[in-house]
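In case you want the letters, here they are:
2 protein chains.
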Amino acid sequence: MRIPFETLHGTLTAVLRQEGMSADRADLCARLFAEASRDGVASHGLNRVPRFVRMIRRGIVDVEARPTCVSAAGALERWDGRRGPGNLNAREAMDRAMTLARAHGIGAVALANTNHWMRGGSYGWQAADAGLIGICWTNTLANVPPWGATDPRVGNNPLVVAIPRKAGPIVIDMALSQFSVGALGGYAARGEPLPVAGGYDTDGRLTTDPQAILDSRRLLPIGFWKGSGLAFALDVIAATVSAGLPTHQIVTDPELETDLSQVFIAIDPAAVADAGQPDAIADAAVAHLIAGGGTRYPGAGALATRARSLRDGVEVDDVIWRELQASVSG
Amino acid sequence: MRIPFETLHGTLTAVLRQEGMSADRADLCARLFAEASRDGVASHGLNRVPRFVRMIRRGIVDVEARPTCVSAAGALERWDGRRGPGNLNAREAMDRAMTLARAHGIGAVALANTNHWMRGGSYGWQAADAGLIGICWTNTLANVPPWGATDPRVGNNPLVVAIPRKAGPIVIDMALSQFSVGALGGYAARGEPLPVAGGYDTDGRLTTDPQAILDSRRLLPIGFWKGSGLAFALDVIAATVSAGLPTHQIVTDPELETDLSQVFIAIDPAAVADAGQPDAIADAAVAHLIAGGGTRYPGAGALATRARSLRDGVEVDDVIWRELQASVSG
Chain A
1 MRIPFETLHG TLTAVLRQEG MSADRADLCA RLFAEASRDG VASHGLNRVP RFVRMIRRGI
61 VDVEARPTCV SAAGALERWD GRRGPGNLNA REAMDRAMTL ARAHGIGAVA LANTNHWMRG
121 GSYGWQAADA GLIGICWTNT LANVPPWGAT DPRVGNNPLV VAIPRKAGPI VIDMALSQFS
181 VGALGGYAAR GEPLPVAGGY DTDGRLTTDP QAILDSRRLL PIGFWKGSGL AFALDVIAAT
241 VSAGLPTHQI VTDPELETDL SQVFIAIDPA AVADAGQPDA IADAAVAHLI AGGGTRYPGA
301 GALATRARSL RDGVEVDDVI WRELQASVSG
Chain B
1 MRIPFETLHG TLTAVLRQEG MSADRADLCA RLFAEASRDG VASHGLNRVP RFVRMIRRGI
61 VDVEARPTCV SAAGALERWD GRRGPGNLNA REAMDRAMTL ARAHGIGAVA LANTNHWMRG
121 GSYGWQAADA GLIGICWTNT LANVPPWGAT DPRVGNNPLV VAIPRKAGPI VIDMALSQFS
181 VGALGGYAAR GEPLPVAGGY DTDGRLTTDP QAILDSRRLL PIGFWKGSGL AFALDVIAAT
241 VSAGLPTHQI VTDPELETDL SQVFIAIDPA AVADAGQPDA IADAAVAHLI AGGGTRYPGA
301 GALATRARSL RDGVEVDDVI WRELQASVSG
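Chains as they are written, first to last, in the numbering used here: chain A, 1 to 330; chain B, 1 to 330.
Okay, chain A solo, but in the shape it has when bound:
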């Protein structure tokens, strides 16, 4: 079913208020969840809220914990997320990286001890909507076997790259596994096979069965040996600069996954460019890309889904939606 964005946002705000989150924070946290569903990423929007609530109740997510700056060196800062809500922490970390970029041309925040940031693309859109390039990534629990090994020792560490453009930002939001855990869950829920092999079953055979991969926790990295190497390197950067946990020290139960390490980089292209130049170059690149036919520029799909959601309502899972509504209307 489809519901108005404001109804979704309002209900999620009420859910979070009920869990003890203060008004301003609940409003923003709920908006980030609602915007994920609005843009077509329900796996990290509404559908993720029940687990988020469970993690609050278990004390894994501390609703009122605010991230703090531990150490600063000009354009680079190290922050402690103190197990606060992952999306609020990430939002604040990118906001701080953007402030640093406006002052220094480029800025970065490394964030330790945080929780799942939900939809990573949120922080790319955040930077791009403000006219800045945003690059950020997170580590995750281990769910990818390094190339040549069979057991998961690397995360699928989503990477976000966003570029401002007046006609529509270019936004990449991708796990470094061929399919994100959320995408596998979506295929499994719909009973569909994957279009290409997405990982190994528990017997070590490549498979297009999403549930077999969720069960084995052996996701195939993008580019085989390349993706697992890149994921490992991004994990080590996030952990070393934030002084946080690397993937191999993160608890492997998704219901308990916490103490993640993340990096947020913002770049202000206007700081070194002639007026209008970055936009003109990006426009030309997008025009050439889509002229090939059969393809869209990265970010176009989210914008199209957003427009439809704001016109016709946000598509929600009936069962999850009714349960959440009931939980706050009693």
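Misleading hints may appear alongside valid ones.
A few chain B residues that face chain A, going by a derived Cβ cut-off under 8 Å, partial list only [claimed, not checked]:
id	residue
1	Met-1
2	Arg-2
3	Ile-3
4	Ser-71
5	Ile-172
6	Gly-229
7	Val-241
8	Ala-271
9	Gln-277
10	Ala-285
11	Pro-298
Pairwise CB distance ranges, derived in the manner of DEER restraints [unchecked claim]:
id	chain 1	residue 1	chain 2	residue 2	range
12	A	Arg-58	B	Glu-192	35 to 43 Å
13	B	Ile-320	A	Thr-99	22 to 30 Å
14	B	Lys-166	A	Arg-66	34 to 42 Å
15	A	Val-196	B	Arg-296	21 to 29 Å
16	A	Pro-193	B	Glu-192	27 to 35 Å
17	B	Leu-206	A	Asp-129	24 to 32 Å
18	A	Arg-66	B	Gly-204	52 to 60 Å
19	A	Ser-22	B	Lys-166	43 to 51 Å
20	B	Gly-20	A	Thr-252	56 to 64 Å
21	A	Gly-204	B	Pro-50	52 to 60 Å
22	A	Ala-280	B	Lys-166	18 to 26 Å
23	B	Gly-293	A	Gly-59	32 to 40 Å
24	B	Gly-293	A	Val-319	25 to 33 Å
To list a few chain B residues with every Cβ distance to chain A over 10 Å, as calculated [stated by the list, open to error]:
id	residue
25	Arg-58
26	Thr-68
27	Leu-159
28	Gly-227
29	Ala-233
30	His-288
31	Ala-326
No lab work stands behind these hints, which were simulated from the structure alone. None of these values were measured; they are calculated from a predicted model. Positions of the beta carbon are idealized from the N, C-alpha and C atoms, including for glycine.
Given the coordinates of chain A, work out where chain B should sit on it, guided by the hints.
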């Protein structure tokens, strides 16, 4: 055959001197080529020198052009490579990014109008050997069809990520195609099929025939739709921040490929860390990774090849080596 590193370096220096490069620059430029062969990347070491010489003679590479800073904003600078030698330009750009990182915690240089940087990993090792994280990428001529299209409109834009570690840096140096052009050339020269599909033939069929892919210029991106999106985004960042050319404006003949756009980012983890902490975290991550068996950490292979090369001599292609030797011994 194998030859001593210093013999290789000396001969390449003489080759470059003969092409009009000044002594100091020829020494460094030759060293970068020789080190690529020494570390096992002959495709962008010795084997690439004949084409480099042809490009000098055609006026595409200006041996004496030095990159200049066009615009600066604190920790971010925009440089013009002025069609100088790509490896010297890249070396200087990373060096400048490292200086900025030492001053600001993080620093970046965007470089326009440069030439092929040869072995991208060189600039990762450069940063890591100096105790800094290095992240850099280059655009290339179009050789990857965007997902859903059939003609090449995206580059395979190599990405380098390097992390300092006393026991051996972690270094990723990867094209965003499943196989780099150099790797395809290597398989083709050895008459070997690729271990997995690496692109399309001219009829649009996925193939493991390296020559068919070199002919079609339809390389398969890592992760199918993911790699072409990431490559596009990295291209647009490089072009917009450097005010240089994006891939679609780069001439598609590899003998004439020039005016590339690149980004060099350096991060000083020690600036925000407790003493020894980054190394301890990286060590633990590497130890866990390789304990899985069957795998090495990224960078380990280059170090092993380097050790063998310095002990037994650098492996070189007999024909190319003898031709270059003859060209400077007459």
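Consistency of the hints with the structure:
| no. | hint | verdict |
| --- | --- | --- |
| 1 | Met-1 | 29 Å, violated |
| 2 | Arg-2 | 27 Å, violated |
| 3 | Ile-3 | 30 Å, violated |
| 4 | Ser-71 | 4 Å, holds |
| 5 | Ile-172 | 5 Å, holds |
| 6 | Gly-229 | 4 Å, holds |
| 7 | Val-241 | 5 Å, holds |
| 8 | Ala-271 | 4 Å, holds |
| 9 | Gln-277 | 5 Å, holds |
| 10 | Ala-285 | 4 Å, holds |
| 11 | Pro-298 | 4 Å, holds |
| 12 | A:Arg-58 with B:Glu-192: 35 to 43 Å | 53 Å, violated |
| 13 | B:Ile-320 with A:Thr-99: 22 to 30 Å | 52 Å, violated |
| 14 | B:Lys-166 with A:Arg-66: 34 to 42 Å | 35 Å, holds |
| 15 | A:Val-196 with B:Arg-296: 21 to 29 Å | 27 Å, holds |
| 16 | A:Pro-193 with B:Glu-192: 27 to 35 Å | 32 Å, holds |
| 17 | B:Leu-206 with A:Asp-129: 24 to 32 Å | 38 Å, violated |
| 18 | A:Arg-66 with B:Gly-204: 52 to 60 Å | 54 Å, holds |
| 19 | A:Ser-22 with B:Lys-166: 43 to 51 Å | 45 Å, holds |
| 20 | B:Gly-20 with A:Thr-252: 56 to 64 Å | 59 Å, holds |
| 21 | A:Gly-204 with B:Pro-50: 52 to 60 Å | 44 Å, violated |
| 22 | A:Ala-280 with B:Lys-166: 18 to 26 Å | 46 Å, violated |
| 23 | B:Gly-293 with A:Gly-59: 32 to 40 Å | 36 Å, holds |
| 24 | B:Gly-293 with A:Val-319: 25 to 33 Å | 43 Å, violated |
| 25 | Arg-58 | 26 Å, holds |
| 26 | Thr-68 | 13 Å, holds |
| 27 | Leu-159 | 8 Å, violated |
| 28 | Gly-227 | 6 Å, violated |
| 29 | Ala-233 | 4 Å, violated |
| 30 | His-288 | 4 Å, violated |
| 31 | Ala-326 | 38 Å, holds |
The structure shown violates the earlier hints numbered 1, 2, 3, 12, 13, 17, 21, 22, 24, 27, 28, 29 and 30.
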